[in-house]
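Asks: Sequence:
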Amino acid sequence: MMDTWRCRLDNFVVGGCNELAYKATRLTMQPHFPAYYNPLLLIGETGSGKTHLLQGLYESLKTRSPLIASKVVYSTAQQFVAAYSNACREDKAEVFTKKYSECTALLMDDINDLANKKASQRQFVSIFDNLLNRGNRIILSSRCSPNKLEGTEERLISRLNAGLGVHLDKPDYQVRLSILKTFCLSSRKRADSEIIAYLARRVDTNLHDLFEAARKILISPMESRFSGSKKVSFETIDRTVKGILQKE
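Residue numbering for the sequence shown follows numbering that gives the first Met the number 0, beginning at 0 and increasing consecutively.
Think of the hints as simulated: they come from the structure by calculation, not from any bench. All of these numbers come straight from a predicted model, not from anything done at the bench. Fair warning: there could be bad hints in the mix.
As a list, the in silico DSSO-like pairs of lysine-lysine whose alpha-carbon atoms are at most 30 Å apart [as the list claims (entries may be wrong)]:
id, residue 1, residue 2
1, Lys147, Lys116
2, Lys70, Lys97
3, Lys180, Lys116
4, Lys22, Lys98
5, Lys97, Lys116
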């Protein structure tokens, strides 16, 4: 994500591709969060907006009160695995478990990265059950539906299926266009509307590619041409975008 773009719920661009996920995420902030929504699993490919929603929710929950802020945990699955491995190696597994089991809300990104990590999966299931029994909130993201997760134990899959799973589709043109406009405003950058529209049409893969293209085209030295009489050419944009997409 762009350094100048801080993920918040109020700057998440909502469209048909992500509206249900956005509404469900906001619902987790309500005092009476429906039990059948727990856990909430955001499902979408890389660059669909899952991380933005999770980080935006984390920022929103932290502002409620110092007590709540200290009890909200955000982590990627990779960070969870690394921290658990370190805790076991340093004989601090109990401290690790307490931190996660006593949080008021657990937000974990890319739960699919627990694949083939059997010890971490067992530990996560134990924490998951403790939180659920206390009625605490669990909000997760995954690149695919639980039943399609490879290298994942059935008991974890069944728990992921127990709540509400909502999909984020690939951002459509209108969402991509709105994101670029919002990005320019937040970055205080002026850009030609034709350039923004062309870029939104050209980069239709995911948001990571879109932001990288925005950084190179809207923020780079060539950006100064946008506000002058000479615009950057569409050919230049095409070459830049092609370079980004070829890296995948």
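Asks: For every hint, state whether the structure bears it out.
Replies: How the hints compare with the structure:
1. Lys147 with Lys116: Within the cut-off at roughly 16 Å; holds.
2. Lys70 with Lys97: Between Lys70 and Lys97 the Cα gap is close to 11 Å, so the pair holds against 30 Å.
3. Lys180 with Lys116: violated, 41 Å
4. Lys22 with Lys98: Holds, at roughly 28 Å.
5. Lys97 with Lys116: holds, 20 Å
When held up to the earlier numbered hints, the structure conflicts with hint 3 and nothing else.
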